[in-house]
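Number of protein chains: 2
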Amino acid sequence: MANETVVRFGILGCAQISIKLCKAISKAQNATLIAIGSRSLEKATAFAAEQGLPEVVRVYGSYEAVLEDNEVDAVYIPLPTALHVTWAVKAAERGKHVLLEKPVAMNVSELDRILEACETNGVQFMDGSMWLHHPRTAKMKEALCDEQRFGQLKWIHSCMTYNPGPEFLKNSIRMKPDLDGLGALGDIGWYSIQAILWSVNYELPKSVLAFPKATLNEDNVIISCGSSLHWEDGKSATFHCSFLTYVNFDVTILGTKGSLRLHDLTLPFEESLGFGTFSESSEIDYAKIEQGRWCPRANEHVVETMFSQDVWMVKEFADLVGKIMRLEMKPEKTWEVVSRKTQIVLDAVKESIQRGYESVEIVMN
Amino acid sequence: MANETVVRFGILGCAQISIKLCKAISKAQNATLIAIGSRSLEKATAFAAEQGLPEVVRVYGSYEAVLEDNEVDAVYIPLPTALHVTWAVKAAERGKHVLLEKPVAMNVSELDRILEACETNGVQFMDGSMWLHHPRTAKMKEALCDEQRFGQLKWIHSCMTYNPGPEFLKNSIRMKPDLDGLGALGDIGWYSIQAILWSVNYELPKSVLAFPKATLNEDNVIISCGSSLHWEDGKSATFHCSFLTYVNFDVTILGTKGSLRLHDLTLPFEESLGFGTFSESSEIDYAKIEQGRWCPRANEHVVETMFSQDVWMVKEFADLVGKIMRLEMKPEKTWEVVSRKTQIVLDAVKESIQRGYESVEIVMN
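Protein chains in written order, with the numbering used here: chain A, 1 to 365; chain B, 1001 to 1365.
Derived from the structure by calculation, the hints contain no laboratory data.
There may be inaccurate statements among the hints.
Claimed, not checked - If the Cβ cut is set under 10 Å, some of the chain A residues that face chain B in the computed set are:
1) Gly151
2) Cys159
3) Gly226
4) Ser242
Since the model is a prediction, treat every value here as computed from it, not as a measurement.
Built from N, CA and C at the ideal position, the CB exists for glycine as well.
Isolated chain A (complex conformation) (with noise of 0.2 Å):
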């Protein structure tokens, strides 16, 4: 630990989801919150003042200042995705590492943008998506790869919803085109296309047909809409995302020799008991299901974790800018891999839905 870099870190906005990450980055010893900027100082000063930030956290009425300040090394981007563009731009031209909030842009050309500020400028890009950092996603991913017990995976589908009511439906930024404009299927439906990439190890689908009747506002952004994504090799999937129905945060992959389930992807039932879970199953007697019998239910897996997943998400983004600071590495390019296949799967849910709910071919470029 005597090596460890300590990455400071400004973040752009007092978003909700911004609590988290200040308590998130005061947990992860290899990072500290050294800055925050909103719109109006005024703002900035109630959020610190609420949130008790410590006084050595500069409190800034701009985004701008927030990157002006040189001892920033790393900033979290949290506004709406339609503002994504130009502030991980301007945060990547004055060298900061950027950990920017999901769904990363309002489609890939301007993430390549973003990319490409990055990759010019030599700092870390990474998504907010903090499940994929959680303990239990790395011990799902063994059970998937152990094939004498899961097989060939065949099927993946995974629902995302919540109801947060029609207040939200009317008001929410999650409901502007100009701000989240991309409604449930960037705030939620993200979830499920990444859930679904990363079972398959990222190989991207050939296609994908939105299904029919999705659900848009008056100003066509997507309030519940899902679609179904098909490989060379036969693989499938679908998903389901809704601002409609009760929460449900599920993914079900299946192989030919086993399966594996989880019904809290985003946020884990107990994590706050120091806790994840995932139900796996395989290897049950077909003799037995013809004679009435039946499978025991699912193994419940129970991993262990120190930190929540949002803490974990923060020591790894800080532990690549820590090597970048100290030479050792270049920019891991690992993560942008990921958000830019995730971006490249949802824009072609929306093409679909736009034209019609025609099929949409994924062409990789």
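With chain A fixed as given, assemble chain B onto it according to the hints.
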């Protein structure tokens, strides 16, 4: 109970499922097995010996002989799907009440011939979908109908798969167009469609659209497929059925205020222990989610049961038959409607696949 008629059953065919039904009939107080027929007397005799059927059970070397037995009140028909229309119609014409294994027919026009024969001859019809008769199912319906907790139903997903292996895919009657010619769609997709229709009180969807790239064998029998279903009021559903992946019998039903979920629709995990379970959840505090905490795990409801669902099915069928025999009522039409609507949607999914994944409108007639 003194007034209860004991319905005398004959079984057409010595299928694997017949073993289960023999046991169920023996456990149901209002039913008794008196005849079993196979295409060969040798096979029927061997079955009777292996299953230890009482000596009073007449063993016949043809299906006809069972139908000609004047003491047989009702028949259970577990023959391959393509033979249903022939034998169910013959049974009805002989005045036998018909308990017909699912899928009920190769298509709805065949089913209509069966239902007409039942109507003309005043006999009861019911299909062999056991899960509908489990006490758990009634409790789940209560949960869905509790609008305070569940709200309005918006979305349903069901996944029914198992992987019986290459030998099955090559040689099983479930893969032969002239036998169980509906493949995975008939064998397990039937349950998904039925569970979806059950959820919405058998309101038919307006249209169905099969997922692209269904897997069919060289005889065009479905090995794996899925579909989305759409209702006029914005409700939608998806299902996936397959003979290619590990066993999974999931249903998830989402309302605006609650969710209901089970992983063992067709064969409850704990049925042999005298209960069935389902999960239900509602009333979370969204403010807590925003703060990064989370709703508790779903509540697991335990429904005690004196019998397994196959026995409940036989009891319910025999109860209706007994009432008809005692001239207390005419045949109950509810079960015809359940089967017929399931078959209508199944036909539409098959048609969508055959028409190259076009949307198929459903017109009830």
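Is the interface hint satisfied for A/Ser242? The criterion is a beta-carbon contact with chain B at less than 10 Å.
7 Å, holds
Given A/Gly226 as an interface hint, is the shortest Cβ-Cβ distance to chain B below 10 Å?
7 Å, holds
A/Cys159 was flagged as interface toward chain B. Is the shortest Cβ-Cβ separation under 10 Å?
At 6 Å from the nearest chain B Cβ, A/Cys159 passes the 10 Å test, so the hint holds.
Status of the hint placing A/Gly151 at chain B (closest C-beta pair under 10 Å):
Nearest chain B Cβ about 7 Å off; hint holds.
Violated hints for the displayed structure: none, as all numbered hints are satisfied.
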